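*Asks:* All chains, please: the whole structure from these sequences, using the hints.
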Amino acid sequence: MMKVLFDTNILVAATIEAHPNHAITLPWIQKVRNKSIQGYISTHELQTLHQTGRAYF
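With the working numbering as the guide, the letters of the sequence shown map in order to residues 10 to 66.
Careful: at least some of the hints might be erroneous.
[Unchecked claim] With a Cα cut of at most 25 Å, we get these calculated DMTMM-like pairs of lysine to aspartate or glutamate:
id : residue 1 : residue 2
1  : K40       : E26
2  : K12       : E54
3  : K44       : E54
[Unchecked claim] For each label pair, taking beta carbons as the anchor points, the in silico distance ranges come out as:
id : residue 1 : residue 2 : range
4  : R63       : N43       : 27 to 33 Å
5  : N30       : S51       : 26 to 32 Å
6  : R63       : M11       : 30 to 36 Å
7  : N30       : T52       : 21 to 27 Å
8  : I33       : T61       : 15 to 21 Å
9  : N43       : A64       : 28 to 34 Å
10 : L55       : H28       : 14 to 20 Å
Rather than coming from a laboratory, the hints here were simulated on the basis of the structure. Because the structure is a prediction, the values reported are computed rather than measured. By construction, the Cβ of each residue, glycine as well, lies at the ideal position given by its N, Cα and C atoms.
*Replies:* Here it is as structure tokens:
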């Protein structure tokens, strides 16, 4: 099974429908949910995503 390390840019784009890259990134997250690939994020990315989310939401 393919293993994919996601960075903040991918996670943010997949989360926000209005993001210009949403349509490109969302299928990658859906592949993780469907267990077609294994998705990983680093602890640093998790912290950055949290900070980014607090700024926008």
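*Asks:* Looking only at beta-carbon atoms, does the pair N43, A64 fall within the given range of 28 to 34 Å?
*Replies:* 30 Å, holds
*Asks:* Given the hint of 27 to 33 Å, is the C-beta distance from R63 to N43 inside that range or not?
*Replies:* Because 29 Å falls inside the window, the suggested range holds.
*Asks:* Can the suggested window of 21 to 27 Å be confirmed for the beta-carbon pair N30 and T52?
*Replies:* 24 Å, holds
*Asks:* Hint says 26 to 32 Å; check whether the CB-CB distance for N30 and S51 agrees.
*Replies:* 20 Å, violated
*Asks:* Between R63 and M11, is the Cβ distance one that fits in 30 to 36 Å?
*Replies:* At 31 Å between Cβs, range holds.
*Asks:* State, for the Cβ atoms of I33 and T61, whether the hinted interval 15 to 21 Å holds or is violated.
*Replies:* 18 Å, holds
*Asks:* What's the verdict on K40 and E26, does the C-alpha distance respect the 25 Å limit or exceed it?
*Replies:* 17 Å, holds
*Asks:* K44 and E54 were given as a pair; does the straight-line alpha-carbon distance stay at or below 25 Å?
*Replies:* 21 Å, holds
*Asks:* Please work out if K12 and E54 have their alpha carbons no farther apart than 25 Å.
*Replies:* 16 Å, holds
*Asks:* Looking only at beta-carbon atoms, does the pair L55, H28 fall within the given range of 14 to 20 Å?
*Replies:* At 19 Å between Cβs, range holds.
Hint compliance for this structure: hint 5 alone is broken.
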